[in-house]
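Those protein sequence lines, which keep their order, are chains A and G.
Heads up, the first sequence stops at 568 in numbering that gives the first Met the number 0, and the numbers go up one at a time, no gaps.
Heads up, the second sequence stops at 361 in numbering that gives the first Met the number 0, and the numbers go up one at a time, no gaps.
Derived from the structure by calculation, the hints contain no laboratory data.
From the three backbone atoms N, C-alpha and C, an ideal C-beta is built for every residue, glycine too.
Heads up, some of the hints might be wrong.
[What the hints assert, rightly or not] Just some of the chain A residues that point at chain G, by a computed CB distance under 8 angstroms: (1) Ser-40; (2) Glu-41; (3) Ala-42; (4) Met-179; (5) Ile-453; (6) Ser-456.
[As the list claims (entries may be wrong)] Far from chain G, some chain A residues (derived; all Cβ distances over 12 angstroms): (7) Ile-18; (8) Ile-185; (9) Ala-188; (10) Gly-189; (11) Arg-190; (12) Arg-192; (13) Leu-201; (14) Arg-272.
[To be verified] Looking from chain G toward chain A, a few residues come up when the C-beta cut is under 7 angstroms (computed): (15) Ala-71; (16) Glu-76; (17) Met-82; (18) Tyr-96; (19) Ser-165; (20) Ala-169.
This is what each chain is made of:
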Amino acid sequence: MTRRAARRHVRIEHVVMAISVLALLLLVVLPLASMVWGSVSEAGRPTLAHFREALGSRLYVQALRNSLVLGLWTAVLSIAVGVPLAWAVSRTNIPAKRFVHLTAVISYVTPPYLTAIAFVNLFSPNAGLINRFVRDVLGVPGLTFNVFSMSGLVLVTALHTFPFVYLLAASALESVDASMEESAQILGAGRWRTAMAVTLPLVAPAVLSGALIAFVNAIALFGSQAIIGLPGRVFTLPTRIYALFDYPPQYGLASAIALIFVAITVVALYLQRRYLARRSYVTLGGKGSRPQLVALGAVRWAVLAFCVAVFVVAVLAPYLTLLAVSVSKSWGLGFWQNLTLQHYRFVLFEYDVTRRAIGNSLLLATAAATLTVLLGSLVGWIDLRTGIRGRKLLDYASLIPLGLPGIVVAVALIQFWLRMPLPIYGTLVIILLAYTGRYVPLGVRSANAAFRQIDPSLEETARVTGAGWLRTFRSVTLPLARPGLFAGWLLVFVPAIQELSASILLFSSESITLAVAVYNLYETGALEPVAALAIVTMVIITAAIGLAARLGRAGVAGPSRVERATVTQ
Amino acid sequence: MAGIQIERVTKRFGPVTAVRDLSLEIRDREFVTLLGPSGCGKTTLLRLIAGFMTPDAGAIRVGGITLSTPSAVVPPEKRGMGMVFQNYAVWPHRTVYENVAFGLEVRKVARAETRTRVAKILELVNLSGLERRYPSELSGGQQQRVALARSLVVEPGILLLDEPLSNLDAKLRERMRWELKDLQRRTGITFVYVTHDQSEALALSDRIAVMHQGETMQYGAPRDVYTRPANKTVADFMGLVNLMAGRVLRAAGDDSLVAVGGNHPISLALPEGLAEGQAVQVAIRPESLRVAALASGPTTDTRAAVPGKVADVTFLGNVIDCHVTLDDGSRIRIQVDPTQTLEVGQRVAVRFDRQAASVFSG
Numbered sequence: 000m001t002r003r004a005a006r007r008h009v010r011i012e013h014v015v016m017a018i019s020v021l022a023l024l025l026l027v028v029l030p031l032a033s034m035v036w037g038s039v040s041e042a043g044r045p046t047l048a049h050f051r052e053a054l055g056s057r058l059y060v061q062a063l064r065n066s067l068v069l070g071l072w073t074a075v076l077s078i079a080v081g082v083p084l085a086w087a088v089s090r091t092n093i094p095a096k097r098f099v100h101l102t103a104v105i106s107y108v109t110p111p112y113l114t115a116i117a118f119v120n121l122f123s124p125n126a127g128l129i130n131r132f133v134r135d136v137l138g139v140p141g142l143t144f145n146v147f148s149m150s151g152l153v154l155v156t157a158l159h160t161f162p163f164v165y166l167l168a169a170s171a172l173e174s175v176d177a178s179m180e181e182s183a184q185i186l187g188a189g190r191w192r193t194a195m196a197v198t199l200p201l202v203a204p205a206v207l208s209g210a211l212i213a214f215v216n217a218i219a220l221f222g223s224q225a226i227i228g229l230p231g232r233v234f235t236l237p238t239r240i241y242a243l244f245d246y247p248p249q250y251g252l253a254s255a256i257a258l259i260f261v262a263i264t265v266v267a268l269y270l271q272r273r274y275l276a277r278r279s280y281v282t283l284g285g286k287g288s289r290p291q292l293v294a295l296g297a298v299r300w301a302v303l304a305f306c307v308a309v310f311v312v313a314v315l316a317p318y319l320t321l322l323a324v325s326v327s328k329s330w331g332l333g334f335w336q337n338l339t340l341q342h343y344r345f346v347l348f349e350y351d352v353t354r355r356a357i358g359n360s361l362l363l364a365t366a367a368a369t370l371t372v373l374l375g376s377l378v379g380w381i382d383l384r385t386g387i388r389g390r391k392l393l394d395y396a397s398l399i400p401l402g403l404p405g406i407v408v409a410v411a412l413i414q415f416w417l418r419m420p421l422p423i424y425g426t427l428v429i430i431l432l433a434y435t436g437r438y439v440p441l442g443v444r445s446a447n448a449a450f451r452q453i454d455p456s457l458e459e460t461a462r463v464t465g466a467g468w469l470r471t472f473r474s475v476t477l478p479l480a481r482p483g484l485f486a487g488w489l490l491v492f493v494p495a496i497q498e499l500s501a502s503i504l505l506f507s508s509e510s511i512t513l514a515v516a517v518y519n520l521y522e523t524g525a526l527e528p529v530a531a532l533a534i535v536t537m538v539i540i541t542a543a544i545g546l547a548a549r550l551g552r553a554g555v556a557g558p559s560r561v562e563r564a565t566v567t568q
Numbered sequence: 000m001a002g003i004q005i006e007r008v009t010k011r012f013g014p015v016t017a018v019r020d021l022s023l024e025i026r027d028r029e030f031v032t033l034l035g036p037s038g039c040g041k042t043t044l045l046r047l048i049a050g051f052m053t054p055d056a057g058a059i060r061v062g063g064i065t066l067s068t069p070s071a072v073v074p075p076e077k078r079g080m081g082m083v084f085q086n087y088a089v090w091p092h093r094t095v096y097e098n099v100a101f102g103l104e105v106r107k108v109a110r111a112e113t114r115t116r117v118a119k120i121l122e123l124v125n126l127s128g129l130e131r132r133y134p135s136e137l138s139g140g141q142q143q144r145v146a147l148a149r150s151l152v153v154e155p156g157i158l159l160l161d162e163p164l165s166n167l168d169a170k171l172r173e174r175m176r177w178e179l180k181d182l183q184r185r186t187g188i189t190f191v192y193v194t195h196d197q198s199e200a201l202a203l204s205d206r207i208a209v210m211h212q213g214e215t216m217q218y219g220a221p222r223d224v225y226t227r228p229a230n231k232t233v234a235d236f237m238g239l240v241n242l243m244a245g246r247v248l249r250a251a252g253d254d255s256l257v258a259v260g261g262n263h264p265i266s267l268a269l270p271e272g273l274a275e276g277q278a279v280q281v282a283i284r285p286e287s288l289r290v291a292a293l294a295s296g297p298t299t300d301t302r303a304a305v306p307g308k309v310a311d312v313t314f315l316g317n318v319i320d321c322h323v324t325l326d327d328g329s330r331i332r333i334q335v336d337p338t339q340t341l342e343v344g345q346r347v348a349v350r351f352d353r354q355a356a357s358v359f360s361g
């Protein structure tokens with residue numbers, strides 16, 4: 000009997016393994032391979048011409064340089080904003096910490112192309128609201144700010160990426176054991192010396208790691224780079240790749256540039272991992288005592304003022320602007336005389352493109368989130384609960400998309416599916432494949448974390464008391480893992496509903512998505528409907544987060560079910 | 000020089016009073032242990048001494064100089080003390096050498112001198128040759144020694160230790176215990192040591208302060224605290240103890256009589272303030288009781304023994320753990336010599352070592 004059970008167990012493992020391998024092949028490996036082939040071939044013949052052009056032509060070298068400059072400055076600005084906020088929240092007695100934290104969260108979930116559109120409304124050289132105010136009312140044209148520039152692009156991008164640094168730095172600062180600093184203090188080191196000699200070195204890996212993630216994200220964002228960079232003639236790798244798909248599309252060159260793009264991303268992520276792995280001192284969830292908060296006195300109001308400034312620039316200004324534009328008959332006329340809801344009616348009910356886009360995006364995001372978490376669970380389960388050969392390889396393979404910017408995923412999928420007999424190009428299916436492939440790492444990481452927290456003995460107890468594998472999975476593993484899996488689902492849903500970088504190359508008029516509709520409307524100059532659609536996007540995102548948070552909380556009732564499973568079976 | 004005076008110190012955390020009107024005098028070069036269960040306020044007291052906390056009332060002085068009052072606290076970095084934490088708090092980003100040298104760097108000691116002093120202290124704690132290792136490459140015991148060396152190298156007058164051995168395995172703990180004691184003797188530093196382990200306290204200390212709910216229950220030499228507990232709480236905390244209900248038959252100091260175990264009079268020494276007829280509790284340790292087979296017929300000295308029946312016998316190797324049911328139905332635990340043969344159900348006489356018994360009002 001035991002032998003039969005053992006054999007069945009092995010069979011389940013192998014089935015799960017096969018499904019996971021197939022999925023990853025289809026989603027990631029084969030498209031990537033066909034892109035690599037595309038980059039070194041022309042009409043079926045091997046050639047290095049594409050790379051020669053990508054690395055030789057001024058056009059693309061300039062784009063490469065711009066991307067790097069953008070990434071570096073964004074990382075620097077993210078540190079400059081994220082670290083002070085993290086320190087204020089985790090180490091000082093400033094009031095309204097929840098507000099500061101919320102600022103970071105909202106900045107993170109706000110799609111950067113929306114921030115970009117809002118900033119264009121405020122800072123476009125001639126029509127920008129603030130620029131007009133500075134020039135015409137204050138009469139100091141020297142103080143105007145042209146958003147269509149590298150500085151404008153860095154600013155808008157950093158407003159989206161500083162939360163990476165903030166979150167990592169805050170959790171690192173919170174988990175440095177108080178005794179580490181107290182040891183220095185009792186040895187005679189003052190506050191400043193303690194901070195420099197002990198605290199800073201301990202949290203530096205987390206800060207650097209956050210900055211590298213900010214870098215990788217910054218260079219991959221198509222939307223803001225197109226909206227701000229193109230008018231300012233600041234071309235970057237994503238916008239150059241995008242341009243290569245104008246008729247006639249140059250797949251080979253696009254693939255070569257995409258691979259160079261991937262190389263940058265992979266190097267950055269490799270550095271991040273290596274640096275973190277080698278020098279990660281901060282023990283998360285340790286039992287040590289919490290650091291004492293610094294009583295700042297009057298200085299805390301200055302610190303709070305900085306936090307409020309970040310809130311105003313990152314959240315208040317963009318949202319107020321979008322809201323104001325969305326309810327104006329025509330932006331630029333007297334505001335209170337021109338209030339209207341017509342643009343909402345237009346994008347929600349009258350204009351079939353935006354209506355379709357909303358439906359498509361909801362469908363795609365839901366499906367992609369579910370698929371990635373499912374696939375993530377399979378991969379995570381294989382990694383943690385079986386001894387099957389090649390499981391580590393599978394785990395690594397599932398992380399490949401981390402190194403693939405969205406537009407690169409699109410390039411790879413197009414190359415692959417154009418060669419396949421299945422005509423999915425231009426349908427929702429190829430976009431779904433793109434989303435699922437892009438976000439598989441999130442699903443795998445979440446599932447892995449969720450399963451890791453469940454001690455195998457809990458499952459073994461259920462097995463010993465007579466529950467079968469499936470029953471154990473259903474009544475022990477799944478309930479316990481649910482909050483973690485739910486978090487993973489949300490982690491995919493939110494970026495998927497606003498995905499632009501891959502969708503922009505894959506959509507057709509039938510499969511248009513929300514973000515693409517926003518971008519296209521913006522291109523036509525329809526400012527007010529764009530703003531209305533932007534607000535709708537944010538409402539959907541907020542509702543999704545709220546709903547998921549509530550459902551996720553309800554799912555924490557796991558342990559009692561375990562008791563039931565282990566006792567009654 | 001580095002004696003510590005703690006005068007009526009109180010520390011509250013919201014509604015909880017962690018230390019309550021506590022006074023303690025620690026002499027220079029003394030090894031004093033603050034002993035008590037978790038939550039008794041011992042760590043809070045240590046952190047008050049270190050200057051990490053401000054007292055709500057009272058004062059802490061070292062060598063006659065006031066360091067802490069509710070209105071002014073000399074910060075930890077200005078106190079010149081050393082402290083060893085429960086988790087060692089060895090900095091993971093610094094080598095052994097860099098960890099130990101830190102205090103000297105802060106004090107701007109010349110590099111050459113730093114080198115010799117670090118080398119000397121590492122030799123003292125048996126870590127020579129590991130200077131360039133990182134803490135992650137060291138065992139728990141070695142990390143502990145780095146923490147010790149780091150505190151000792153600056154030659155503090157006072158070393159504060161917060162459960163420094165609790166994260167080590169039993170064998171290592173015993174060895175480090177001995178090393179700590181030896182170190183204290185050789186350096187002549189005043190040690191204030193916090194622990195919840197009574198055997199550690201007994202083995203190490205010159206004096207033990209037994210703490211309970213923010214107050215000192217007893218402060219004295221290990222032998223006194225062990226053999227003459229001031230009250231039930233101390234007796235209970237200092238190890239296995241039998242508490243027997245009794246009644247005073249005659250109150251006459253050293254020559255008193257107390258009825259225990261079903262109205263059997265026992266000759267005991269009574270503390271002041273207990274009167275005839277009063278209910279009391281007699282505390283006596285299992286190793287201070289003897290068991291003898293009860294001879295049929297009258298025994299010679301009934302006032303030193305109580306009759307009972309063997310209920311359970313467990314062989315533990317070095318001793319036999321024996322439970323005896325007395326006539327009033329209560330059970331007491333006795334440790335007897337392993338060579339003695341006892342059988343369950345046997346009638347026995349339980350003999351008291353009257354020197355080792357303490358009587359508290361019940």
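- At a threshold of 8 angstroms, is the proposed contact between Ser-456 (chain A) and chain G supported by beta-carbon distances? 23 angstroms, violated
- Query: Per the stated criterion, does the least C-beta distance between Gly-189 (chain A) and chain G lie above 12 angstroms, as a non-interface residue requires?
  - Reply: 6 angstroms, violated
- Message: Given a cut of 7 angstroms on the nearest C-beta pair, is the interface hint for Tyr-96 (chain G) held or broken against chain A?
- Response: Interface hint status for Tyr-96 (chain G): violated (15 angstroms vs cutoff 7 angstroms).
- Query: For Arg-272 (chain A), which was marked as not at the interface, is the minimum beta-carbon distance to chain G over 12 angstroms?
  - Reply: Its Cβ never comes within 12 angstroms of chain G, the nearest being 18 angstroms, so this holds.
- Message: If we take the beta carbon of Leu-201 (chain A), is the closest beta carbon in chain G still more than 12 angstroms away?
- Response: 6 angstroms, violated
- Message: Does Ile-18 (chain A) clear chain G by more than 12 angstroms, comparing its Cβ with all Cβ atoms of that chain?
- Response: The claim stands: Ile-18 (chain A) keeps its Cβ more than 12 angstroms from every Cβ of chain G (closest is about 39 angstroms).
- Query: Regarding the hint that Ser-40 (chain A) lies at the interface with chain G, is the smallest CB-CB distance below 8 angstroms?
  - Reply: This hint is violated: Ser-40 (chain A) lies away from chain G, its Cβ roughly 49 angstroms from the closest one there, beyond 8 angstroms.
- Item | Residue hint Met-82 (chain G), partner chain A, criterion CB-CB below 7 angstroms | 4 angstroms, holds
- Message: Hint validation: Ser-165 (chain G) versus chain A, beta carbon distance must be below 7 angstroms. Holds or violated?
- Response: With a closest approach of 12 angstroms, the Ser-165 (chain G) hint is violated.
- Task: Let me know if the C-beta of Met-179 (chain A) comes in closer than 8 angstroms to any C-beta of chain G, holds or violated.
- Result: This interface hint holds because 5 angstroms falls under the 8 angstroms limit.
- At a threshold of 7 angstroms, is the proposed contact between Ala-169 (chain G) and chain A supported by beta-carbon distances? 20 angstroms, violated
- Task: Closer than 8 angstroms between Cβ atoms is the bar; does Ala-42 (chain A) clear it against chain G? Give me holds or violated.
- Result: 56 angstroms, violated
Going through the hint list in order, the structure does not satisfy hints 1, 2, 3, 5, 6, 8, 9, 10, 11, 12, 13, 15, 18, 19 and 20.
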